[in-house]
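Undergrad: What follows is the residue order along each chain.
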Amino acid sequence: MSWVAHDAEPYVIQKHLGRRIAFVPLLIGSYAPDLATKWFVYGIGAFGVELKADNPAQFHRGYPGAGFTHSLTFGVVVAAVIFLIWRSRIWAVSFLIGQWAHALTDALDTLGAMLLFPFTTDLFSLGAWAYAGQTGRYVDAGAYFSGLGFVWDGFWLAWAVLSWRVLTRAYFRETIMVADPFWRRAAEYLPETALVAIYRISFFYGTCRWIAWLIWAHVVRSFAFDFSWGGPKWVDAVQSNEVNASGCSCPSCCSASPKLALSLAVAAAGRISARRARGGAASTSRSPRDGPNAR
Amino acid sequence: MKEVALYIAAGVVYIALGVAIPELLFSWIEGAVYLLLAVWVLPALLGRRS
Chain A
1 MSWVAHDAEP
11 YVIQKHLGRR
21 IAFVPLLIGS
31 YAPDLATKWF
41 VYGIGAFGVE
51 LKADNPAQFH
61 RGYPGAGFTH
71 SLTFGVVVAA
81 VIFLIWRSRI
91 WAVSFLIGQW
101 AHALTDALDT
111 LGAMLLFPFT
121 TDLFSLGAWA
131 YAGQTGRYVD
141 AGAYFSGLGF
151 VWDGFWLAWA
161 VLSWRVLTRA
171 YFRETIMVAD
181 PFWRRAAEYL
191 PETALVAIYR
201 ISFFYGTCRW
211 IAWLIWAHVV
221 RSFAFDFSWG
231 GPKWVDAVQS
241 NEVNASGCSC
251 PSCCSASPKL
261 ALSLAVAAAG
271 RISARRARGG
281 AASTSRSPRD
291 GPNAR
Chain B
296 MKEVALYIAA
306 GVVYIALGVA
316 IPELLFSWIE
326 GAVYLLLAVW
336 VLPALLGRRS
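As given, the protein sequences belong to chains A and B, one line each in that order.
Per the working numbering, the very first residue in the first sequence carries number 1; after that it's consecutive.
Per the working numbering, the very first residue in the second sequence carries number 296; after that it's consecutive.
Just so you know, these hints were derived from the structure itself, not from any lab.
What you are looking at is a predicted structure, and each value in this text was computed from that prediction instead of being measured.
Check before you lean on any hint, since a few could be wrong.
Here chain B is said to cover these stretches of chain A; the calculated rule only asks that three of the stretch's residues, wherever they fall, bring their Cβ under 8 Å from a Cβ of chain B [said to hold, decoys possible]:
#1 137-145
#2 197-204
#3 215-223
Part of the chain A face toward chain B, derived, beta carbon under 7 Å [stated by the list, open to error]:
#4 T193
#5 A194
#6 C208
#7 R209
#8 I211
#9 A212
Simulated restraints on C-beta separations [claimed, not checked]:
#10 A:I272 <-> B:L319: 45 to 55 Å
#11 A:P118 <-> B:G342: 53 to 63 Å
#12 A:L104 <-> B:S345: 43 to 53 Å
#13 A:R185 <-> B:V328: 17 to 27 Å
#14 A:V151 <-> B:V299: 21 to 31 Å
#15 B:S345 <-> A:H218: 40 to 50 Å
Every residue, glycine too, gets a C-beta built ideally from N, C-alpha and C.
Sequences are here, hints too, so could you generate the full structure?
TA: If you want it as structure tokens, here you go:
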């Protein structure tokens, strides 16, 4: 998991896509996979009742569990629902980009993400830093801010700082408000200072958390830095194959998923090539009346 | 420039609070409310008084 990258990535994406993207759904997409599940991973207690997943890693990223929220397909499905309800292509695409950024970023830790669910329940993992959500919030924080995870976050924060123009009022007026009617509606109730502050919240929150957790982990507490691949090694990290192994291994699941994925891939490739062929035919069958400059 | 200084001051206080009470760092909502108070509500109230 990433502690700060999901806050910073939307600003970098915003910088590169400008008015072709809407910031609010982009940010919602970036948070969406963890929005309803993270509390159950770490556990929550109220009135003497403790609610926590029996197997936090399995619940967070696996199947059975809520791991489907970290799949690329989940982004497509929710984006399609957004489009069907609001008929807004920019909102649908923005959500999709944000959700994909989250899923792909989470595939960098040792647990990984079921990127291609439901076609396969395999977790795709690069294993760069330890997934330690099952150890509880504070040990997880200490581990994350001692390994390559916080370096990855630092990279995104640095990129967001280099993209500082997206945080200015002028950019907010000329790009953010123009691209998304949400802000124009909000402007009927709130002054610009408040709107700009709302727009900047995630950058502020991410930057401050990154600094505060680093200080907490290495000044207040004494967690040891370990920049080895998959580290820190002092924490009990969950590996992707541990969750894969606990998935359903019945013969029908094992055999159906790859076949389904292959069939869909072949169908998609067929559609793309047919569309290309149609496009090519259209471009070569122009009338002589189009003239010599027609393309 | 004044605006940037306000955000930096708010950030420094938030970081100090977060290090002292790490529980605060878990809540995006609390962070959002804090920022709105620090850079919009309080300056607006102080500006009205003066």
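Undergrad: Would you check whether A212 (chain A) satisfies its interface hint, that is, whether its CB is within less than 7 Å of any CB in chain B?
TA: Interface hint status for A212 (chain A): holds (4 Å vs cutoff 7 Å).
Undergrad: Answer holds if the nearest beta-carbon of chain B is closer than 7 Å to that of A194 (chain A); otherwise answer violated.
TA: holds (5 Å)
Undergrad: Does the Cβ distance between L104 (chain A) and S345 (chain B) fall inside 43 to 53 Å?
TA: For S345 (chain B) against L104 (chain A), whose Cβ atoms are near 49 Å apart, the range 43 to 53 Å holds.
Undergrad: State, for the Cβ atoms of S345 (chain B) and H218 (chain A), whether the hinted interval 40 to 50 Å holds or is violated.
TA: The hint (40 to 50 Å, Cβ to Cβ) holds, given that S345 (chain B) and H218 (chain A) are roughly 42 Å apart.
Undergrad: Take a look at whether the Cβ-Cβ distance between I272 (chain A) and L319 (chain B) falls inside 45 to 55 Å.
TA: holds (49 Å)
Undergrad: Hold the hint about T193 (chain A) up to the distance rule: shortest CB distance to chain B must be less than 7 Å.
TA: T193 (chain A) check passes; min Cβ-Cβ to chain B is 5 Å, inside 7 Å.
Undergrad: Are 3 or more residues of the stretch 137-145 of chain A near chain B, judged by a Cβ distance of less than 8 Å?
TA: holds (count 3)
Undergrad: Does the beta carbon distance between P118 (chain A) and G342 (chain B) stay inside 53 to 63 Å, or does it fall outside?
TA: At roughly 55 Å between Cβ atoms, G342 (chain B) and P118 (chain A) fall inside 53 to 63 Å, so the hint holds.
Undergrad: Taking 8 Å as the Cβ threshold, is the statement that the stretch 215-223 of chain A is covered by chain B upheld or broken by the three-residue rule?
TA: Coverage by chain B holds here, the residue count being 4 at a Cβ distance below 8 Å.
Undergrad: If you check the beta carbons of V151 (chain A) and V299 (chain B), does the distance land in 21 to 31 Å?
TA: About 26 Å separates the Cβ atoms of V151 (chain A) and V299 (chain B), which means 21 to 31 Å holds.
Undergrad: Take the shortest C-beta to C-beta distance between C208 (chain A) and chain B; is it under 7 Å?
TA: Check passed: Cβ of C208 (chain A) comes within 5 Å of chain B, closer than 7 Å.
Undergrad: Let's test the interface hint: is any C-beta of chain B closer than 7 Å to that of R209 (chain A)?
TA: holds (5 Å)
When each numbered hint is compared with the structure, no violation occurs for any of them.
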